[in-house]
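Engineer: Listed below are the residues making up each chain.
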Amino acid sequence: DAGVIQSPRHEVTEMGQEVTLRCKPISGHNSLFWYRQTMMRGLELLIYFNNNVPIDDSGMPEDRFSAKMPNASFSTLKIQPSEPRDSAVYFCASSSGTSDTQYFGPGTRLTVL
Amino acid sequence: SQQGEEDPQALSIQEGENATMNCSYKTSINNLQWYRQNSGRGLVHLILIRSNEREKHSGRLRVTLDTSKKSSSLLITASRAADTASYFCATDGSNYKLTFGKGTLLTVNP
Numbered sequence: 063d064a065g066v067i068q069s070p071r072h073e074v075t076e077m078g079q080e081v082t083l084r085c086k087p088i089s090g091h092n093s094l095f096w097y098r099q100t101m102m103r104g105l106e107l108l109i110y111f112n113n114n115v116p117i118d119d120s121g122m123p124e125d126r127f128s129a130k131m132p133n134a135s136f137s138t139l140k141i142q143p144s145e146p147r148d149s150a151v152y153f154c155a156s157s158s159g160t161s162d163t164q165y166f167g168p169g170t171r172l173t174v175l
Numbered sequence: 063s064q065q066g067e068e069d070p071q072a073l074s075i076q077e078g079e080n081a082t083m084n085c086s087y088k089t090s091i092n093n094l095q096w097y098r099q100n101s102g103r104g105l106v107h108l109i110l111i112r113s114n115e116r117e118k119h120s121g122r123l124r125v126t127l128d129t130s131k132k133s134s135s136l137l138i139t140a141s142r143a144a145d146t147a148s149y150f151c152a153t154d155g156s157n158y159k160l161t162f163g164k165g166t167l168l169t170v171n172p
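First to last, the sequence lines map onto chains Z and B. Using our numbering, the letters of the first sequence map in sequence onto residues 63 to 175. Using our numbering, the letters of the second sequence map in sequence onto residues 63 to 172.
Treat each hint with caution, since some may be false.
Cross-link-like lysine-lysine pairs, in silico, DSS-like; alpha carbons within 30 Å at most [what the hints assert, rightly or not]:
1) Z:LYS140 to B:LYS164
2) B:LYS131 to B:LYS164
3) B:LYS131 to Z:LYS130
With the C-beta cut set under 10 Å, the calculated list includes, among others, these residues of chain Z facing chain B [claimed, not checked]:
4) ARG103
5) LEU107
6) ASP118
7) SER157
Computed footprint of chain Z on chain B; a stretch qualifies when at least three of its residues, placed anywhere within it, have a C-beta under 8 Å from a C-beta of chain Z [what the hints assert, rightly or not]:
8) 72–80
9) 106–117
10) 159–165
Just so you know, these hints were derived from the structure itself, not from any lab. As the structure is a prediction and not an experimental result, all values here were calculated from the model. Here a beta-carbon is modelled for each residue, glycine too, at the ideal position from N, C-alpha and C.
Assemble the whole structure, with the sequences as input and the hints as a guide.
Structural biologist: Rendered as structure tokens:
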């Protein structure tokens, strides 16, 4: 199994631009999670999906952030417009169930200038 | 809200020594998990312990859980330089989603 796949691995953009992060979960997993990690705030859960349906998006910082899961094998996290404070590493993870072992992708390092 | 909190924040030991990290949490849990993160990489699951278990082993790892004290410990025996990483505990609360602590940075010096 290829594990959780994220793209791009690195993204450098300018303030105000739209950023789209992509994730392919492990086949057969029905829960998908988006996290953000910074030195200051640690690992924060942004949103999670169960069977492609968003269950809890209370961690999404503001309306500039949106996430979709159009099918069981693909999810996106979009930031529009991006701001420098959005600079962080964004991780996608998947699991067989909401509180089961989570398998993390390699992350996308986002830098907003 | 922060559920699990690791202690200490950083730990530096010599190769061959044992490393102990602790995790405290606030609310009732179904299970508690430990993860490792190498610099620049994603988190990797190490071990899961259920609320009705008190101790679990996996290779050089030993995890204990004390639900009365709402705490867990991760012991790595005979540490190696390759064990250098950040270690996180994660707990599931009443909403069943995992909440991660801020981690313990372990440095094992050769």
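Engineer: Hint by hint, which ones does the structure fall short of?
Structural biologist: 3 and 8
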